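Peer 1: As given, the protein sequences belong to chains A and S, one line each in that order. Heads up, the first sequence stops at 170 in my numbering, and the numbers go up one at a time, no gaps. Heads up, the second sequence stops at 170 in my numbering, and the numbers go up one at a time, no gaps.
Everything labelled a hint here was simulated from the structure, so no lab data went into it. Don't take each hint at face value.
[Unchecked claim] Okay, the calculated bits of chain S under chain A, using three or more residues with CB under 8 Å as the criterion:
id : segment
1  : 32-42
2  : 124-133
[As the list claims (entries may be wrong)] Which chain S residues face chain A? A few, computed with CB under 7 Å, are given here:
id : residue
3  : T24
4  : L26
5  : K66
6  : E69
7  : G71
8  : E96
9  : C121
10 : S149
11 : E150
12 : T151
13 : L154
14 : T155
15 : M164
Remember, it's a predicted structure, so these values are computed and weren't measured experimentally. In this text, a Cβ means the ideal position worked out from N, Cα and C, and glycines have one as well.
What follows is the residue order along each chain.
Number of protein chains: 2
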Amino acid sequence: MSEENAHNHNDCIDTALATAETLCLAQGQRLTKVRRRALELIWESHRPLGAYQLLAKLAEEGFNSAPPTVYRALDFLLNAGLIHKVESMNAYLGCAHADKEHKGYFLICDECHNVMEFDYQDIHASLVAKAAQHGFELRSETIELTGLCADCRGMAAEVRA
Amino acid sequence: MSEENAHNHNDCIDTALATAETLCLAQGQRLTKVRRRALELIWESHRPLGAYQLLAKLAEEGFNSAPPTVYRALDFLLNAGLIHKVESMNAYLGCAHADKEHKGYFLICDECHNVMEFDYQDIHASLVAKAAQHGFELRSETIELTGLCADCRGMAAEVRA
DNA sequence: GTTAGACTTGTTATACCATAACAAAATCAG
DNA sequence: CTGATTTTGTTATGGTATAACAAGTCTAAC
Chain A
10 MSEENAHNHN
20 DCIDTALATA
30 ETLCLAQGQR
40 LTKVRRRALE
50 LIWESHRPLG
60 AYQLLAKLAE
70 EGFNSAPPTV
80 YRALDFLLNA
90 GLIHKVESMN
100 AYLGCAHADK
110 EHKGYFLICD
120 ECHNVMEFDY
130 QDIHASLVAK
140 AAQHGFELRS
150 ETIELTGLCA
160 DCRGMAAEVR
170 A
Chain S
10 MSEENAHNHN
20 DCIDTALATA
30 ETLCLAQGQR
40 LTKVRRRALE
50 LIWESHRPLG
60 AYQLLAKLAE
70 EGFNSAPPTV
80 YRALDFLLNA
90 GLIHKVESMN
100 AYLGCAHADK
110 EHKGYFLICD
120 ECHNVMEFDY
130 QDIHASLVAK
140 AAQHGFELRS
150 ETIELTGLCA
160 DCRGMAAEVR
170 A
């Protein structure tokens, strides 16, 4: 996924925010100003955003600039399933399927740093089965794959040519 | 895996150290005192060790107590394939298969914090295929599963009984 | 055995990531 | 309105990781 690819990213943001409103309303959760704005800022790209990067953006807009502000917003959004944490980057990413129960499986491009979330029921089933073979009861999964995305592979090929 | 389980853990350590010696010798790498001792300390259990925990242990033994000391040792051991980093814990774990090229797939017990490394070629193949479907060229994989290990499930069952 | 170069370690400083603890303010239900 | 609950403000601190440069150590070639 390049920075200037086909999709209209405003749609991503709008959809994510609408889903967030709906979900919070349904669960009696309050999507306050800072939480809402944090979610929008995280959704500004498909690259994970660090907590302190987010904090700086919020501070620019007049929000409180102490770390708890941003970590509280992140906790809220994580619990609501509206964002994911990318463990290998200590950074946070908007979730495009917040309305569906799911695990976050990620493809992380080393080059452009865009992250694509993918779903793969087969892999989940295999992992549960494999864990069970070891007598292990699975609770959570961190699946983060890195490499080169289609766009960056293309560009690498052009450079070589 | 409980703390008092069947295996003689000295064997784990001895094997790991012997492998490390062999590997470093073969590759013209130097397993210096601090690197060797760091590896031993990481191997003291099957629980991942944090960088600063390791630093404290090294400092007790007279090694330099500044962070770069431990991070350099960790970098060396990671590059040599002798340890893995558990991203979701920011901690480091001895690798039992340093002599074989492999990805680190982990089962992490929430209760006893022991970590078991497992190998699963099928899952690796599925992930490569899935990535390829998205035009993605895979380079590295972070697979970290948490839950309850066999021993801790057993104990939980006993408590319930 | 001396010396140049590469590698390793020492040292200081700093940046980044995350949470504890308690006070103040806003919101909501009765 | 008021008391309870939730959210936010504020200060402080703990945990993770690296930059930059100096000093020491090892090794290979002379």
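Peer 1: If a hint holds in the structure, say so; if it does not, say that too.
Peer 2: Cross-check of the supplied hints:
Against chain A, the segment 32-42 of chain S contributes 0 residues with a C-beta closer than 8 Å to a partner C-beta. That does not satisfy the three-residue criterion, and the hint is violated. Under the rule that three or more residues need a Cβ within less than 8 Å of chain A, the assignment of the segment 124-133 of chain S holds, with 5 such residues. Of the supplied interface hints, the one on S:T24 is violated, with its beta-carbon coming no nearer than about 20 Å to a beta-carbon of chain A, more than 7 Å. Residue-level restraint check for S:L26 is violated (minimum Cβ-Cβ distance to chain A is 26 Å; threshold 7 Å).
With a least beta-carbon distance of about 25 Å to chain A, the hint placing S:K66 at the interface is violated under the 7 Å criterion. Against a cut-off of 7 Å between C-beta atoms, the interface hint on S:E69 is violated, since the closest Cβ of chain A lies about 29 Å away. Given the 7 Å rule on beta carbons, the hint for S:G71 is violated: about 33 Å separates it from the nearest Cβ of chain A. Checking S:E96 against chain A: minimum C-beta separation of about 4 Å stays under 7 Å; hint holds.
The interface hint given for S:C121 is broken, as the beta carbon of that residue sits about 12 Å from the closest beta carbon of chain A, more than 7 Å. Interface restraint check: S:S149 against chain A, minimum CB-CB distance 5 Å, threshold 7 Å, status holds. Against a cut-off of 7 Å between C-beta atoms, the interface hint on S:E150 holds, since the closest Cβ of chain A lies about 5 Å away. Given hint, S:T151 at the interface with chain A, holds; its Cβ is 4 Å from that chain's nearest Cβ, closer than 7 Å.
A hinted interface residue such as S:L154 counts as satisfied when its beta carbon comes closer than 7 Å to some beta carbon of chain A; here the least separation is about 5 Å, so the hint holds. At about 5 Å, the closest approach between the beta carbon of S:T155 and any beta carbon in chain A falls short of 7 Å, and the interface hint on this residue holds. Evaluation of the S:M164 hint against chain A yields a violated restraint, the C-beta minimum of about 12 Å exceeding 7 Å.
Checked against the numbered hints given earlier, this structure breaks hints 1, 3, 4, 5, 6, 7, 9 and 15; the rest are met.
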